[in-house]
Amino acid sequence: MTLLATTTVSMYLAVGAVMFVTGVVCMATKRNALGILMGIELVLNGANINFIAFGSEYLRPDSLGLDGQLIALFVIVLAAGEAAVALAIALNFYNNHATVDVDQADELKG
Amino acid sequence: MTGLIPTLLLAAVLLPLGSFFLILLAGHRLREHAAVVATGAILIASLLSFASFFIWVGGHRDTIFPDNDGQVTVPADPDSVASSVSYDESTSDAGDDHDHGHEGSGHDHDGDDHGDHGSGHDGQADTNHDTAGHQTTRIEAESGEYYTLGVFGRLQLTIGYYIDTLTICMFCMVTLIATLIHFYAQGYMHEEEDDEVVDHEVTLEDGSPFKRPGRYHRFFQYLSLFCFSMLGLVLAGNVAMVFVFWELVGICSYFLIGFYIERKSASTAANKAFIVNRVGDFGMIIGLMVFWTGCGTLSFGDYHNQDGTTAAGLFSQARPADNHHQLVTPEGLVKLSARSEIRAAVQQRRKELLQVGLDLEAPEREALIAAKVSQLRNDDPNDTTRPRYGYWLLIVGGLGIFCGCVGKSAQFPLHVWLPDAMEGPTPVSALVHSATMVAAGVYLVARFFPMFAPEVLLVIAVLGVITLFIAATIAITATDIKRVLAYSTISQLGYMMMALGVGAWAAGVFHLITHAFFKSLLFMCSGSVIHAVHTNEMTEMGGLRRKMPFTAYTMLIGCLAIAGAGIPFVIGLSGYYSKDAILEQAFSFWQVNNSAFAGLFFWLAAGGAALTSFYMFRLWFMTFAGQPRDEQRFEHAHESPRMMYVPLLILAFFAITIGWKLPDFMATGNFHLTGLLETARPAGLHGDSQGLVTALTWPDEHKSHAWAIKFPVTLLAFATAVLGALLAGIFYLARWLDPEEVRESLPSAHRFLIRKWYFDELYDLVFVRPAHLIGRVIYRIDRVVLDTILHMSARVTRTIAVFWDRVADQKVVDGVVNWTAAMTHRLGIALRAVQTGRLRQYVMFIVVAAVALFLVISFFFQSPASAGG
Amino acid sequence: MTSALLANISSDLFFIVFAGIACVFAVAVLLTSNIVRMAFYLVISLGATAGLFFLAGAEFVGAMQLMIYVGGTLVLLIFGVMLTAQSRFVNMRTHPRDWIMAIIVGGSLLMLLLTAAFRVPSWHEEQQVIAAASELEVADSKTATRLGLALSGVRVDKINADEQLKQGMSGYLLPFVIVSIHLLVVLIGAAYMARSKRMVRRTSEQAEDTTSS
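These protein sequences, in sequence, are chains R, C and D.
For the first sequence, this note's numbering gives the first residue as 1, with consecutive numbering after it.
For the second sequence, this note's numbering gives the first residue as 1, with consecutive numbering after it.
For the third sequence, this note's numbering gives the first residue as 1, with consecutive numbering after it.
Hints may be right or wrong, so weigh each one.
Okay, the calculated bits of chain D under chain R, using three or more residues with CB under 8 Å as the criterion [to be verified]:
| # | stretch |
| --- | --- |
| 1 | 24 to 34 |
| 2 | 40 to 52 |
| 3 | 61 to 68 |
| 4 | 73 to 85 |
| 5 | 97 to 106 |
Treat the hints as calculated values from the structure; they're not laboratory data.
Ideal Cβ positions, reconstructed from N, Cα and C, are used throughout, including at glycine.
For reference, chain R alone in the conformation it holds in the complex (with noise of 0.2 Å):
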């Protein structure tokens, strides 16, 4: 019954490690830009499991305890504000291109 082989931090760790990576991949390739804030949300989850993880009582003995939890309430504040500010930024871009495709945004090629 490896299935049910007891949850540790590793597993935990992968979860965060899928989420973020895919967080990354959708920045790498969406078009749309809220597309891409997404990309931004996931990133950000995975780094919240990560330290969720590390900061479970049940998980190990000599875990980050509060810490953890304390620093994965602030990314979610951040990433809050964050995302209003990006969303602002986003229709901006949509009122003055009148698009949201981001590789319509080029403007500053060297």
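Use these hints to put chains C and D onto chain R, whose structure you have.
Frame of chain R; chains C and D shown alone:
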């Protein structure tokens, strides 16, 4: 008291030098007062010279004024025996009289305490006869040093003096004539005082005559320098000093001849004088070298070494006291010439000693060398088998010194400069080229006489007689009044040289002094004439005695003097005595040697006397007698100002009287020019001397005064003088024969003479043109070869520079810089491509960077868990 | 004992369920090209993540995740989607080339992270987990009070810690205040940036108006 004389004479020498410097520095401000400075200096110098003369006479009055029929009673003075170890002493010579044997030392000479003629010599106190029984009066020369310039081992260079009666007489003569000429020149050169002088002999391109500011002060500046040089030459105590002043006199002559520098003829003449003199000086340097190397000294008299010992001077080496002052080959020359034999002997002795175990010590070595020298020396005229070591060196040295005299005294073949030297102003001709500078050569021969081997004397005589003859022949056709006098000077110099050459030392020097007076008188008179009629050509003169009586009659006196006029056996002008003395010795020489060659001297001299008389009276008649040939010039002619004719009068007085003896009852003893000169005769010059290489004999000069010689010679001399004057009168005064006809009937002879025997053309062909040719060749080489090399190297340098610039500078250096810039630009452009502005790409970069970073860090760090596990 | 075992088994089972949902739907977000569907999948994924949080004992954080993240941030995102959902923006495909690049890079990153996750032995030793779990009372896993106190500066969870760990006794008061200011700034900025402006019509010349400010 006589110790004052070196100082007085030094002051007399330096005064004109001071005048020179003063005029040099302040001449422009002094202007006409420069003449006063110069004349004042030379006047004081002449006063000093005369003062020295009287001091000298006073100091040696027992010799000069002997009582008892010319015999001297002198107490024996043993001091003099001990104190002198040199030539000056001749104590072993029974007959010679000395006032004090001494050694010139420092500035004073130690004979000072013998101030008066108190010391005599060795025991023989009665007559002063030499071993040959002839009456001799000799006063020792005083020699010493003013200043030592440098000591190089045993060679010493000093500024020294050698004073004997000859020196003092020369001083008096030179300063007196120079003073008179300074006065004369003040009148003659007065046109140079103007601020603008018009020189008619120089024309500019547009035909107008040349105008320049006057150079009055410069004339006196050069005259002062010349006086300094001449007096220094007379005073000189060693040959090196003579040489220095020799050159100085030469350069002064150059300046003075070329005084009118803008005239091409004058500057060319100055060049010619200097260059021809230089040729002679070259020989003189060779002579100097011989004596310097061989004898180790150039000093006439004995001198002190640095360590106080006395060393023998030239005269002592050539005529040592222990040989009765007869000429021997100096030890140094023998050593020089026989050095291989001496070295062989020394080596042999050394080898002998080394075999025994000893070594050759210095004293024994010196003794060995001395013995070898005396063994090798061969001064015996009868020994013709052994080689004469060193004798040929002595001849070469003597000939070398004489070479300088040939140049300076205008002897054949270096006589060509003197006629051209007449381009200078007449005071210059009177002072420099008649009385003093040209006499310097004769003076040196007289001074250096003890060193001359008889063969050298023979050469001197031969050259002298040739010179006198050539010059006399040229003078009879010359029409320029100064040229006639110039050739006359050359001829008379030839007489003096010939006299010295045949052994008439006193006669030659006597003629030197008398000639100085009447020749300068003649020149000054001619200058007076030229000043009056503004031309040199006698063909434009005539009948001037009515306009210029002073000049005419003083010139007549000069002509009579030079012709040797006088009443035979009774009285005569100065030239009469001196010329007779020369002819007597020449006759004696012929008699003793009894060969046609020896007779040549006498007969040519006599012929020369006739010619002299002829051309001098020709000159006088053409200038002062007859009808004027150019009316305009005759109109303008006038007597010279007093400044100019008073010196003429004074000189005329001397020309008449200088040869006279005061009557016997006045007990003047030896106080006449001849007698004074006798006191200066070099030691050992008595008795016949014989040549070692030639077979001739030089008779004693005193023998020539014997009645058997005097009688015919006097008559002959008088006859020649009268003959010459008569001929001149026939041609030019009475006009019974026409010189023009003679000229036309002997055209080639006339041309030969008027072209000066083609000497100038010959020298031009042999020397001047090859020199020009060489100059042109070298110029060609310089232009073609050297300049090509230079241009080529310049071109090569330039090519290298261009190449270097193009390759290195442009390609390499610029290339590197440009490449760097291009690379940077390209890099920038390449890197620009990174900035695509595409958001998703940036994200990719972030991720890739993160991965790479992790990978890199994972290589360097190991997690402690994995390390432990 | 049985309840503990059941609890264990059930926690593992729930873990797998939640983890699977989170991962699958995260991948679905990646794979779909429809922006609306993307938003929906994201919601589900984040919800599953909240479940993971609960399982790990951080129920407060899990609750916050649901409230703030899902209920706030994602709603905001959905608003944005709605505002820009013109027909041509709804489906935007990426070039396969970009996909391949992204897969390669993402794959390498994934490998890296997984390797790192499973390398440290103390992270995947079961004994530790069992020991940890046995020591813990269920009632002790409530953390809300402690979190709140920590945010106001008091770390009550470290009272019994040994001397070394006591050095982390300072609370999170300062970060709390900083974050609140930060949020204020963000809100102001976002509000400013998102104010109404003239909309640019996409014309053929692609003229761009400068914004009036």
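Results of checking the hints against the structure:
1. 24 to 34: Answer holds; 4 residues pass the 8 Å Cβ test.
2. 40 to 52: holds (count 5)
3. 61 to 68: Since three or more residues must qualify, the claim that chain R covers the stretch 61 to 68 of chain D holds, with 4 doing so at under 8 Å.
4. 73 to 85: holds (count 9)
5. 97 to 106: holds (count 7)
Going through the hint list in order, the structure satisfies each hint without exception.
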